[in-house]
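Peer 1: Listed below are the residues making up each chain.
Number of protein chains: 2
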Amino acid sequence: MTRPLISLAALLALAAPAIAQEETPPPAPSPGEIVAQAPAEEWVAIAPEDLLVMTLAPAEDGSERKVVIQLMPAPFSQSWVQNIRTFARSGWFDDITVNRVQDNYVVQWGDPNYDNPESSGEQKALPPALVETDERDYTVNGDAISLSTLLADSERDLALEAESLVSGNKTAAVIIANGLVDSYAQLSLFHEGWPLASNVGSDDEGEPASVWPIHCYGMVGVGRNMSPDAGTGAELYTVIGHAPRHLDRNIALAGRIVEGMEHLSSLPRGSGALGFYTEEEADKRTPILSVRVASDLPDGERPRFEYLSTDGASFARYADARANRRDPFFIVPAGGADICNIPVPVRRVAD
Amino acid sequence: MTRPLISLAALLALAAPAIAQEETPPPAPSPGEIVAQAPAEEWVAIAPEDLLVMTLAPAEDGSERKVVIQLMPAPFSQSWVQNIRTFARSGWFDDITVNRVQDNYVVQWGDPNYDNPESSGEQKALPPALVETDERDYTVNGDAISLSTLLADSERDLALEAESLVSGNKTAAVIIANGLVDSYAQLSLFHEGWPLASNVGSDDEGEPASVWPIHCYGMVGVGRNMSPDAGTGAELYTVIGHAPRHLDRNIALAGRIVEGMEHLSSLPRGSGALGFYTEEEADKRTPILSVRVASDLPDGERPRFEYLSTDGASFARYADARANRRDPFFIVPAGGADICNIPVPVRRVAD
Numbered sequence: 001m002t003r004p005l006i007s008l009a010a011l012l013a014l015a016a017p018a019i020a021q022e023e024t025p026p027p028a029p030s031p032g033e034i035v036a037q038a039p040a041e042e043w044v045a046i047a048p049e050d051l052l053v054m055t056l057a058p059a060e061d062g063s064e065r066k067v068v069i070q071l072m073p074a075p076f077s078q079s080w081v082q083n084i085r086t087f088a089r090s091g092w093f094d095d096i097t098v099n100r101v102q103d104n105y106v107v108q109w110g111d112p113n114y115d116n117p118e119s120s121g122e123q124k125a126l127p128p129a130l131v132e133t134d135e136r137d138y139t140v141n142g143d144a145i146s147l148s149t150l151l152a153d154s155e156r157d158l159a160l161e162a163e164s165l166v167s168g169n170k171t172a173a174v175i176i177a178n179g180l181v182d183s184y185a186q187l188s189l190f191h192e193g194w195p196l197a198s199n200v201g202s203d204d205e206g207e208p209a210s211v212w213p214i215h216c217y218g219m220v221g222v223g224r225n226m227s228p229d230a231g232t233g234a235e236l237y238t239v240i241g242h243a244p245r246h247l248d249r250n251i252a253l254a255g256r257i258v259e260g261m262e263h264l265s266s267l268p269r270g271s272g273a274l275g276f277y278t279e280e281e282a283d284k285r286t287p288i289l290s291v292r293v294a295s296d297l298p299d300g301e302r303p304r305f306e307y308l309s310t311d312g313a314s315f316a317r318y319a320d321a322r323a324n325r326r327d328p329f330f331i332v333p334a335g336g337a338d339i340c341n342i343p344v345p346v347r348r349v350a351d
Numbered sequence: 001m002t003r004p005l006i007s008l009a010a011l012l013a014l015a016a017p018a019i020a021q022e023e024t025p026p027p028a029p030s031p032g033e034i035v036a037q038a039p040a041e042e043w044v045a046i047a048p049e050d051l052l053v054m055t056l057a058p059a060e061d062g063s064e065r066k067v068v069i070q071l072m073p074a075p076f077s078q079s080w081v082q083n084i085r086t087f088a089r090s091g092w093f094d095d096i097t098v099n100r101v102q103d104n105y106v107v108q109w110g111d112p113n114y115d116n117p118e119s120s121g122e123q124k125a126l127p128p129a130l131v132e133t134d135e136r137d138y139t140v141n142g143d144a145i146s147l148s149t150l151l152a153d154s155e156r157d158l159a160l161e162a163e164s165l166v167s168g169n170k171t172a173a174v175i176i177a178n179g180l181v182d183s184y185a186q187l188s189l190f191h192e193g194w195p196l197a198s199n200v201g202s203d204d205e206g207e208p209a210s211v212w213p214i215h216c217y218g219m220v221g222v223g224r225n226m227s228p229d230a231g232t233g234a235e236l237y238t239v240i241g242h243a244p245r246h247l248d249r250n251i252a253l254a255g256r257i258v259e260g261m262e263h264l265s266s267l268p269r270g271s272g273a274l275g276f277y278t279e280e281e282a283d284k285r286t287p288i289l290s291v292r293v294a295s296d297l298p299d300g301e302r303p304r305f306e307y308l309s310t311d312g313a314s315f316a317r318y319a320d321a322r323a324n325r326r327d328p329f330f331i332v333p334a335g336g337a338d339i340c341n342i343p344v345p346v347r348r349v350a351d
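As you go down the protein sequences, you meet chains A and B in turn.
Sequential numbering of the first sequence, starting at 1, is according to the UniProt record's numbering.
Sequential numbering of the second sequence, starting at 1, is according to the UniProt record's numbering.
A portion of the hints provided could be inaccurate.
What the hints assert, rightly or not - Computed, partial: chain B to chain A, Cβ under 8 angstroms:
1) 62
2) 135
3) 146
4) 216
5) 226
6) 265
7) 328
8) 338
9) 341
No wet-lab data here; the hints were simulated from the structure.
Glycine included, each C-beta is placed from N, C-alpha and C at the ideal position.
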């Protein structure tokens, strides 16, 4: 059994012009069609200060390889985000390399001599003016995003949907509440365009509710050494496989790839420990020519991106369609989805 | 709060020699260490009849690229599996190509002219002796794997763990029952080395309980056209991103990649519709030189593989460790995992 996120009648009303209601309803829209139909006012501009343009050495065929990263907004991971801007603006990121490509896990770039079991060279000196980072900042207090308020309106819906929660239909049940039951936390939810998880709901040890960003495909995290080291932001990685959610709350997430992911995910895998390139295959380390904060670029070169508001009607329909595919190819709607299988739509704004 | 799958005392007893019990316990083993320590009798040989060796054209540096596929055992997808052996033995797979590489989704290989929006050529004639396939076989009746028996022993454990089920600690709760609560079904579980999902548990419409294989990273599925077409097995794909579980029960799964996945996951993404290579980039279509059933190969060339029994003590410890990482790098154990983040260990047997 699947339960639509909003009633099927309402869905068809949204999907088809009113004039067509008497006729055979058109095929249900795909998630992509729902996103394409979203009104302009449901798209939210991303601040240029929150975008990094990372230019890799050209591909073997000479084609350009640019990767655009969106940095995590407050209140999450801001010490690492501040440092990442410092690394970019000081030029420290220029001429680093991609050093690790581990299949179904991560691509990592930075100083080839940092914490690299396959390299023994000198580490590159860090720039001044870095701020301290602290592993306690892997999570934030739920109050920082008004989590209780965010979820209050949903309590009735959650109660109504409680039965479906235990019948496996979790997404349809709690996306209504802008949240999903999750295998790694008591709740996962979307907030201002980002996938988050939270322990809200069983605070039986009197701990404050906490919220944290999660490791979905394309998220960008901060390499670190053993705790209490929390990483400076010099070493970054992105997820290129199934969501390694066990890293949540164990390492800082500082952003996500919003364009050019394929330039990283298709790199040759490293044969060394943890997927690092060995010294013998050092020529596979892709050079990173430059990393720039978009707001520092001249107008003509400054990319503009926007994300689909995760509070809007279109996102609700999109998330429901991801959890219950009704477009013509599909036979059986899943009746649910995990949060990393509902990627938040982000698109480049044409100049 | 995290709950170990088995008691921590039992875990340490297993992890450390008895003589060491009085001393400081050693660091908890990583999932990989638990697998490495598994006794030989917990490893199960894979029949050579169930292994395919797919040889791609050499890489640009001249290195060999072989991919080994394990076919799905009975009772799952056997009509497609039988056809895939027929395609391999008739030589039909020789000189096909990889035609589609869609980032965070699938790599697909077969006849470049089959159902390809980027190609308009003639389709290759199919070999004789193919069997009919039917979309009703995307799932099987739970009785076919004695599902009720499989789960009966677990009911007490499940009851004891019920509270943790609703506190987000799903994996630890129900891996004890050899099953996981799942976002896409009422239950997911491991059976004879494969990840499965099932609707067992709320059979309120009087339908028989059904069980089906699921789309985790590296699983191999059968391309098809619109329903009721269920695909012959000529067109195969593998998952190269986050588990696209919405495809479960909508398309046949016929196996999984057990070696050489990186040769497919690192291929350049296609720029055409659905990640197909366009005619302009047809030179990116990787040739597949041959596909052979391992049992047809001479002894010296026949690879041997085995998987870690999903019913054994080592797998239970491994799954628990995946859900609650305690090895030194980790600070906060997740307290749960989704089934596709607990890949079943498969290894090559040395000659």
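Peer 1: Are the hints correct? Go through all of them and say.
Peer 2: Results of checking the hints against the structure:
{"no.": "1", "hint": "62", "in the structure": "14 angstroms, violated"}
{"no.": "2", "hint": "135", "in the structure": "6 angstroms, holds"}
{"no.": "3", "hint": "146", "in the structure": "21 angstroms, violated"}
{"no.": "4", "hint": "216", "in the structure": "7 angstroms, holds"}
{"no.": "5", "hint": "226", "in the structure": "7 angstroms, holds"}
{"no.": "6", "hint": "265", "in the structure": "6 angstroms, holds"}
{"no.": "7", "hint": "328", "in the structure": "7 angstroms, holds"}
{"no.": "8", "hint": "338", "in the structure": "4 angstroms, holds"}
{"no.": "9", "hint": "341", "in the structure": "6 angstroms, holds"}
Of the numbered hints stated above, those contradicted by the structure are hints 1 and 3, listed in ascending order.
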